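Novice: Each chain, written out:
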Amino acid sequence: MPKKLLLNDKSVDFFKKVSELSGEVITLCDQCGTCSGGCPIIDEMDISPSQLMRMVMLGDEEVMDTKTMWLCATCNTCTVRCPRELDVSKVAEALRQIKLRQSFDKINIDKIPKEDLKELPQIALVGAFRRLTS
Amino acid sequence: MSNKQEMVKVFIMGEAHEVPAGSTIIMAFEYAGYQLKKGVGCREGFCGACATVYREKGNYKLQGGLACQTVVSDGMSLVQIPFVPAEKPVYDMDKITPDINTIKELFPTVFRCVSCNTCTKACPQDIQVMDYIQALKQGNIAKAADLSFDCIRCGLCALRCPAEIVQYNAGTLARRLYGKYLAKKSPELKNRVEEINDGKYKKEIQEMKEMDRTKLSEKYYTREIKLK
Amino acid sequence: MKIPYYPGCTLKSTAKHFEISAIESAKKIGIEFVELPRWNCCGVVASLADDDIMHNLAPVRNMIRVLEMNRDGLVKDEKRLLTLCSMCFNTLSRANNRIKKKSDDLDILNDFMYKEDIDYDGSVEIIHFLEIIQELGFDKIEKNVKKSLSNLKIAPYYGCMLLRPKDVGIDDPERPTIFEKFITSLSAKPVEWNNKNKCCGSFLTVDNKEIVVELGNDILTDAKNSGADIIVTSCPLCAFNLDNRQKNIKAKYPEFKEIPVVYFTQLMALAFGLSKEITGFDGNFINPTKLLKSKNIEI
Ligand code: SF4
Ligand code: SF4
Ligand code: SF4
Ligand code: SF4
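Chains as they are written, first to last, in our numbering: chain A, 394 to 527; chain B, 78 to 305; chain C, 1028 to 1326.
Since the hints were derived computationally from the structure, they do not count as laboratory data.
Do not rely on the hints blindly, as some may be mistaken.
As the list claims (entries may be wrong) - If the Cβ cut is set under 8 Å, some of the chain C residues that face chain A in the computed set are:
#1 1070
#2 1071
#3 1229
#4 1238
#5 1242
#6 1244
#7 1280
What the hints assert, rightly or not - From the derived model, a few chain A residues whose C-beta atoms are all more than 12 Å from chain B:
#8 403
#9 410
#10 412
#11 425
#12 427
#13 430
#14 439
#15 455
#16 457
#17 459
#18 503
#19 510
#20 514
#21 522
Since the model is a prediction, treat every value here as computed from it, not as a measurement.
For every residue, glycine included, the Cβ atom is placed at its ideal position computed from N, Cα and C.
With the sequences and hints as input, model every part of the structure.
Specialist: Shown next as structure tokens:
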């Protein structure tokens, strides 16, 4: 028997917001797990990319407290493999943006050790600052 | 012909005032009764202390300029910015190198630039601010020094930057690095510094120190600039 | 052939040897890179959020410069913009594809950039150096090889940005061959291995060094186990994560044995018989000179 899920207004709003920001039709995801299977970072994540999709689909805002959205490196391995042509990296970016747009910084630039700043190439700094600072 | 002073209406912090047409923003403030103690300096467009933002009637753009140089227009909306808060890193010029590493270490925020060019649009000195930030991002100190040369550190760029970069402090670092490490050394400068250290100009400097304001000002405006 | 060239920030500092070896090798096959007279950082990573228009300003400005170069006669009817760095390639391409699809975004961008002389119209094409080489024909490379690299087994590392997503990738995202063809044309042997398009951890290297160390260890160990002597890349961030970070890998796994990681253009310059200053192996964290000598390849 199909299971009926009841979404409240708040979770519907959250789902809509992530859908709008990501531009992805998240409900197309059929939870096949292909994205998780190929994700190079999955070992370090607390929930898998497909779980992230599921939580968003259910409007579960707790997804915002996961490590996964910050660890997605936009490698697009999942993007080219998803049978539904979904882009998990865009969903992760939508979640990050919701946080970043509240003036949240995932990394504190002032706290990066000077030796690291000297060693890291410009390309690493620009990339990280774009993805992880508001 | 009547010699009645033509007046324009301006809004100072939201309040309407009639001020003489042709006034600069600073003059308008003072005419309206404000006493400016902060955010005003040389009144000659050099010191950069009187950076201000304003909107003209019928123009959606928030504009920036120097209050001592910008002439008011009818319907202008004004505010005076006393000071631009900014942090500046402390560094020892003898211990830093004129390359990308110094920029990464001291001004990591320049790597947040999104090339929106808002800083360039805001700059009263017509400096290509975005381009000097980009030059720093590439580690091109000489180019950054050159492009930022006319900066008077008014702070308008930093106020408008969505990436919260303090452009003028980064530009100052570039010019210091350029001056110390990259520029061709000038023998004349070296000689002159030696002369000063040897006390050759002691008498003149002392005379100037004792001069009254009018005399000093006269001397300044009648000075001769000798270029070889 | 004269072609507008976008270097990117890192190629002007830590990856200078990538740029120099590319420019000089390209000359040998008749390509002249004409650097954009004015350019800005591409932003490294593509803007992904649907409403994030601002982060497309940087890429689009660079495309306007290409139109200006055509206007000013610096190049003739050449609206392709050549890139070397994989990340610049990817970011510029994705921005270009986005505004071609969403003309509203382009209108907003043009309106915002009212200080630019020219409006952007979507007519520039972003290409990678490897694509130009393929277009010219790999035989052109073969003909210029002066120094045989036949003793050298090379693992081509594509990483992510040359291949994914599909609409910007220069080859099949799962089974690419362009690097292999390139290596063969240099007279060297491409190694078949599993991790050639596995992510190196990208910008996570800033705040999650440990993840990059793990990924690097996997990737490099696979290359060595597959018989590779050396790895080639076209990305300065991959180069940092796979080359410089070997010292961090070694700190964690003392038994780890290092393997040189170089830019593909350095080996191109080497095979073309160009000088030491141009191959620039001193710029690599792990200098491949010793390895090359052991394979009887003179630098
Ligand atoms: S690969 Fe696509 S369809 Fe499958 S779980 Fe992931 S996002 Fe859903
Ligand atoms: S894009 Fe993100 S979620 Fe997808 S495979 Fe790469 S790191 Fe994993
Ligand atoms: S660069 Fe910035 S601080 Fe300098 S003059 Fe222009 S706006 Fe003022
Ligand atoms: S305003 Fe800031 S982000 Fe915009 S171009 Fe200038 S420095 Fe860059």
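Novice: For each hint, tell me whether it holds in the structure or not.
Specialist: Checked hints:
The criterion of a C-beta within 8 Å of any C-beta in chain A is met by residue 1070 of chain C, whose closest approach is roughly 6 Å, and the hint holds. Hint status for residue 1071 of chain C: holds, given a least beta-carbon distance of 4 Å to chain A, under 8 Å. Taken as an interface hint, residue 1229 of chain C checks out: its beta carbon lies about 4 Å from the nearest beta carbon of chain A, inside 8 Å. Checking residue 1238 of chain C against chain A: minimum C-beta separation of about 5 Å stays under 8 Å; hint holds.
Annotation: interface hint on residue 1242 of chain C holds; nearest CB of chain A at approximately 6 Å, less than 8 Å. For the restraint placing residue 1244 of chain C at the interface with chain A, the shortest Cβ-Cβ distance is roughly 12 Å, beyond the 8 Å limit, so the hint is violated. Interface restraint check for residue 1280 of chain C: the shortest CB-CB distance to chain A comes to about 16 Å, outside 8 Å, so the restraint is violated. Every CB of chain B lies more than 12 Å from the CB of residue 403 of chain A, the least distance being 30 Å, so the non-interface label holds.
Look at residue 410 of chain A: its CB is around 22 Å from the nearest CB on chain B, clear of 12 Å, so calling it non-interface holds up. Look at residue 412 of chain A: its CB is around 25 Å from the nearest CB on chain B, clear of 12 Å, so calling it non-interface holds up. With a least CB separation of 37 Å from chain B, residue 425 of chain A remains clear of the 12 Å interface cut-off, as annotated. Consistency note on residue 427 of chain A: stated as away from chain B, and its beta-carbon is indeed over 12 Å from all of that chain's, at 34 Å minimum.
The claim that residue 430 of chain A is not at the interface with chain B holds, since no C-beta of that chain comes within 12 Å of its own (minimum 34 Å). At the 12 Å boundary, the C-beta of residue 439 of chain A stays outside the reach of chain B, the nearest C-beta of that chain being 28 Å off. No Cβ of chain B approaches the Cβ of residue 455 of chain A within 12 Å, the least distance being about 30 Å, so the stated non-interface status holds. In this structure residue 457 of chain A is separated from chain B by more than 12 Å, as the shortest Cβ-Cβ distance comes to about 23 Å.
At roughly 25 Å from the closest C-beta of chain B, the C-beta of residue 459 of chain A stays outside 12 Å, upholding its exclusion from the interface. The Cβ of residue 503 of chain A does not lie farther than 12 Å from every Cβ of chain B; its closest approach is about 8 Å, which violates its non-interface assignment. With a minimum CB-CB distance of about 5 Å to chain B, residue 510 of chain A fails to clear the 12 Å threshold, and the non-interface call is violated. With a closest Cβ-Cβ approach of about 9 Å to chain B, residue 514 of chain A is found to fall inside the 12 Å limit, against its non-interface label.
Its beta-carbon lying about 5 Å from the closest one in chain B, residue 522 of chain A breaks the requirement of being farther than 12 Å from that chain.
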